[in-house]
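Novice: Order-wise, the sequence lines are chains A and B. The first sequence maps to residues 1 to 791 in my numbering. The second sequence maps to residues 1001 to 1177 in my numbering.
Since the hints were made in silico from the structure, they are not lab data. Computed from a predicted structure; not experimentally measured. Fair warning: there could be bad hints in the mix.
To be verified - Part of the chain B face toward chain A, derived, beta carbon under 7 Å:
# : residue
1 : T1006
2 : G1009
3 : T1010
4 : I1016
5 : E1075
6 : C1101
7 : P1119
8 : S1129
Claimed, not checked - Label pairs and their in silico Cβ distance ranges:
#  : chain 1 : residue 1 : chain 2 : residue 2 : range
9  : B       : E1121     : A       : A183      : 31 to 41 Å
10 : B       : G1068     : A       : E132      : 48 to 58 Å
11 : B       : G1068     : A       : G46       : 58 to 68 Å
12 : B       : N1120     : A       : D402      : 29 to 39 Å
13 : B       : R1028     : A       : T100      : 32 to 42 Å
14 : A       : D773      : B       : E1121     : 27 to 37 Å
15 : A       : S22       : B       : E1121     : 16 to 26 Å
Unchecked claim - Below, a list of computed lysine to aspartate or glutamate pairs in the EDC-like style, where the Cα atoms sit at most 16 Å apart:
#  : chain 1 : residue 1 : chain 2 : residue 2
16 : B       : K1143     : A       : D634
17 : A       : K187      : A       : E308
18 : A       : K438      : A       : E726
19 : B       : K1078     : A       : E29
20 : B       : K1091     : A       : E308
21 : A       : K323      : A       : D189
22 : A       : K487      : A       : D634
23 : B       : K1146     : B       : D1118
24 : B       : K1153     : B       : D1122
Just so it is clear, CB atoms sit at the ideal spot from N, CA and C, and this is done for glycine as well.
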Amino acid sequence: MTTTAEPGALSTPESIGGIGHSRRRVEDERFVQGAGHYVDDITLPGMLHMAILRAPMAHARLVAIDTSEAAALPGVVAVVTGDLLAQHKLAWMPTLSGDTEAVLVTDKVRFQGQEVAAVIAEDPYIAWDALELIDVTYEQLTPVVTPQQALMPDAPLIRDDKEGQTDNRCYSWESGDKDATDAAFAKADVVVSLDTHYPRSHPSPLETCGCVADVNGVTGQATVYMTSQAPHVHRTLFAIVAGLPEQNIRIVSPDIGGGFGNKVPIYPGYVVATAASLLLGKPVKWVETRTENLISTGFARDYHMHGELALTKDGKMLALRVKMLSDNGAFFADAQPTKFRAGLFHIVTGSYDLAAAHVVTEGAYTNKAPGGVAYRCSFRVTEASYLIERLVQNAAYELGIDPADLRMRNFIKPEQFPYTSPTGFIYDSGAYATGLRKALDEVDYEALRLEQDQARAEGRLVGIGIASFTEVVGAGNHKDYDIAGLKMFDSAELRVHPTGKAILKLGVKSQGQGHETTFAQIVANELGIPAGDVTVREGDTDNTPYGLGTYASRSTPVGGAATAVIARKLRDKARLIASHLLEAAPQDLEWEPGRFHVKGAPDRGVTIQEIAFAAYTNPPDGVEAGLEGVHYYDPPNMTYPFGSYVVVVDVDPHTGQWHVRRIVALDDCGVRINPMIVDGQIHGGLTEGYAMSSMQFITFDDDGNCIGSNYMDYMIPTAWETPRFELLQTVTPSPHHPIGAKGIGESATVGSPAAYVNAVIDALSHLGVRNIDMPLTPARVWAAIQSSRMR
Amino acid sequence: MQITVTVNGTTHTSDIEPRVLLADYLRRILGLTGTHMGCDTTSCGVCTVLLDGKPVKSCTVFAVQADGRAVTTVEGLKQDGSLSAVQRGFKQEHGLQCGFCTPAMMLVATALLEGNPDPNEDEIRWAISGNLCRCTGYMNIVKAIKWAANERKTAEALPGQRTVSLAEAEETQEVTA
């Protein structure tokens, strides 16, 4: 059973600033002064600079490489090749999804932009000059540029480095019940199907990837400053790859200029720079250019999807059948739990109560950059959410039922939670109909439908698109979720100092989400220490507890839970100290924000600050001194944020251009720690959803040349195109999360693409248009209008 | 070759290679790392600085082109030791997340408000349309700039509390790098 509330009353005053306060961000003070500290801002004494030579073609045998001229250029310190790395057993590395990946090419090039050699020089300009002097001889091989091509029986074998690999199959996975699904389909009155491609996209944070590797030749201590969303995991992988003792490795992830999944994988550049620093005994900096970022680091999506939805004629959804083929590039290099090779099964049936579902996914190696990362989503649920929301809309057209009404008839009902999906996952809480109704009322949906009819009569095209998505975030639990075998818990260490000020250290790592602000609010809420008295530290593996990092919206669901739990443990201890100070039994004390007092005698109390002081100066007998602790939180389940987005578009029938007239986004992410920051996350996600639906994609020509290697070709929306958003909310707490929060970083990226696309398709639905593949460029929309007229 | 550039009111004389980009000059030679690099192709705008008060993308300007001219970077936005209205607006309206595009956005906003103290939403969006942001979706950036415009108007209306103009803040001191 789910309970949805209006935003709750605040449990702390503004002076404490706990949960629910739109506290202004702590980190902004340095950012607005240009005093952020990003990787490229780091300069160490004697630091050298690295540039990488990349392959110009997609598939080629490396015949010879002559680095002599480059090495002779004044200012060049070393040229690193795959052969040199191979001598140190560093030419290949494991990926976070259990595959292997070349660090520098030793045998053959497997994608355009692959790392072939690296120059280390005293100056970055000289390093770039020297790349031009490296002479490489390649023997071109036939490139494989689509997954369909890759799975043909006569396709060239891309991963001939892998023992036992005889074809280009990367993974196969299956979920749900095939027999039950087939039986349901046999009874269906209507089957609606959709074939669509969720195009390759790139998270492309404005800060590219890079590192400064500093291996001390005397002590063996390796410090790597790195654009990392998961510094602890990266430390462990570094220990395994480089064979260095883990206690001598320190990964520092400083301020990160956006991540969105791009900074989860380990990239060859990090490894080469670290190896170079190890060999040369000097710090080495490597920072990608934008083109390098776009052509070689973790892309996202690229799923060819086939979906079928079975329904009765009165609109009851019965079952879902899905077949997917993903283009994984040359190496399977995202972060993927061992148990779910393709993710996305969790919410493949969306917000709907279906009796059965069966999903088959296959991944293929191709001659493209490795991936695909979960770009601002968990384990690729964006693709799954898109498919079901598109299918539902097409089903509505097929049945002649209003798309909003069809959703209302099939939503999982509040009393069905916790709800076990046909693919076996347990949705924690939801109130789908309430949310959709609220969003529809906000746009005055019924009036819009009338306007749409009127517009059509006048030759204008107006569309209304809906997406009522359910998301899944916050991995683990540890039994089902791991990254490279490391279980997906997360951690918080809280130290309350004698003066009552505190420091909180986390295993997660912000890339702009505002952890320094929001996590202090959790502590403030639980301990009554003003949020301004709580400093948050993360990103430095020497000084924070082990954690799996920030991606898949897991910081609040897992790291936030760890923070609440450790704060509560310290509050329990504080009660013992208070009991000692007040000479009253612990059970006779009552907690109010920041203070314990004796029940019935509110004047007899001690503040958390007084208790903290006593913890170090006057601890009771039998109680350990200090007020500090660490907690590793293993989530009992994932959390399931949800929402309903309604997009209204005007489409120009003559040009295919479409304009978002309104977007109303209702989100329910459970309890909101900082409403201002939550809204900011939603704005960002809605923008990235708009980007993917309208302009942002990376494609390749038949030779495997990447089209989309700079911001002229890879279109990112500016302030001019980006729609104005209207936000609404409901609050349905997660029943298993200590503070009822669900996570919000990715909801809008997951949910919104279908809403935008559904709106454009809806504008053209009376013409018989049922699909246009993303991105819906004016040319594609115009072509769909034209071909409908030919019919 | 030798250049003399006034950066945030301080004059620097440096001997540099002609090919050095203004962004690299500011970041690596002067150590002003608040100016960022995002695309090296004039597309993303995170390297924007003000050259004689006008926004330029410093990844596509050679440092030698700034010879004899005045550059303002994010490090020069504070006025009399306090955050400028634009800086305070970005904090107040949550106009930033990762902070990487922020210095450039604030410089563009500052230049906009110098020429147009009361811009409407379209004027603001147009002014910042050469600058990408991947985090915020721009809405709060627009709000931040509006907040700053209001703040500046209020400051001007209150005698004695007038915000010091950029030109006034940039009184030069002679320093040789």
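Novice: It remains to establish, for every hint, whether it holds in the given structure.
Specialist: Taking the hints in turn, this is what the structure says about them:
Using the Cβ-Cβ criterion of 7 Å, the hint placing T1006 (chain B) at the interface with chain A is not satisfied: the shortest such distance is roughly 18 Å. This hint is violated: G1009 (chain B) has a C-beta 15 Å from the nearest C-beta of chain A, more than the 7 Å allowed. Evaluation of the T1010 (chain B) hint against chain A yields a violated restraint, the C-beta minimum of about 15 Å exceeding 7 Å. This hint is violated: I1016 (chain B) has a C-beta 11 Å from the nearest C-beta of chain A, more than the 7 Å allowed.
Contact between E1075 (chain B) and chain A, as hinted, is supported at the beta carbon level, the nearest pair being about 5 Å apart and thus within 7 Å. Satisfaction of the interface hint for C1101 (chain B) is found here, the shortest Cβ-Cβ separation to chain A being roughly 5 Å, below the 7 Å cut-off. Taking 7 Å as the C-beta contact cut-off toward chain A, the hint placing P1119 (chain B) at the interface is violated, the least distance being around 12 Å. This hint holds: S1129 (chain B) has a C-beta 4 Å from the nearest C-beta of chain A, less than the 7 Å allowed.
One distance hint, 31 to 41 Å for the beta-carbon pair E1121 (chain B) and A183 (chain A), is violated here, with the actual separation near 56 Å. Range check, G1068 (chain B) to E132 (chain A): Cβ separation about 33 Å, and the 48 to 58 Å hint is violated. For G1068 (chain B) and G46 (chain A), the Cβ-Cβ distance of about 34 Å falls outside the hinted range of 58 to 68 Å, so the restraint is violated. Range check, N1120 (chain B) to D402 (chain A): Cβ separation about 38 Å, and the 29 to 39 Å hint holds.
Judged by the Cβ atoms, the range 32 to 42 Å given for R1028 (chain B) and T100 (chain A) holds: they are separated by roughly 36 Å. Evaluation of the 27 to 37 Å hint for D773 (chain A) and E1121 (chain B) yields a pass: the beta carbon distance comes to about 33 Å. Distance hint check for S22 (chain A) and E1121 (chain B): the Cβ-Cβ separation is about 22 Å, which falls inside the suggested range of 16 to 26 Å. For the hint pairing K1143 (chain B) with D634 (chain A), the CA-to-CA distance comes to about 40 Å; that exceeds 16 Å, so the pair is violated.
The suggested pairing of K187 (chain A) with E308 (chain A) holds, with an alpha-carbon distance near 14 Å, which does not exceed 16 Å. Distance check on the hinted pair: K438 (chain A) and E726 (chain A) sit about 12 Å apart at the alpha-carbon level, within 16 Å; holds. About 12 Å separates the Cα atoms of K1078 (chain B) and E29 (chain A), which keeps this hinted pair within 16 Å; it holds. Among the hinted pairs, K1091 (chain B) with E308 (chain A) is inconsistent with the structure: their alpha-carbon atoms are about 48 Å apart, more than 16 Å.
At most 16 Å may separate the alpha-carbon atoms for a hinted pair to count; K323 (chain A) and D189 (chain A) exceed this at roughly 21 Å. Simply put, K487 (chain A) and D634 (chain A) have alpha-carbon atoms about 9 Å apart, close enough for the 16 Å limit, and the pair holds. Of the supplied pair hints, the one linking K1146 (chain B) and D1118 (chain B) holds, its CA atoms being roughly 8 Å apart against a limit of 16 Å. Straight-line distance between C-alpha atoms of K1153 (chain B) and D1122 (chain B) comes to about 19 Å, which puts the hinted pair past the 16 Å bound.
When held up to the earlier numbered hints, the structure conflicts with 1, 2, 3, 4, 7, 9, 10, 11, 16, 20, 21 and 24 and fits the remainder.
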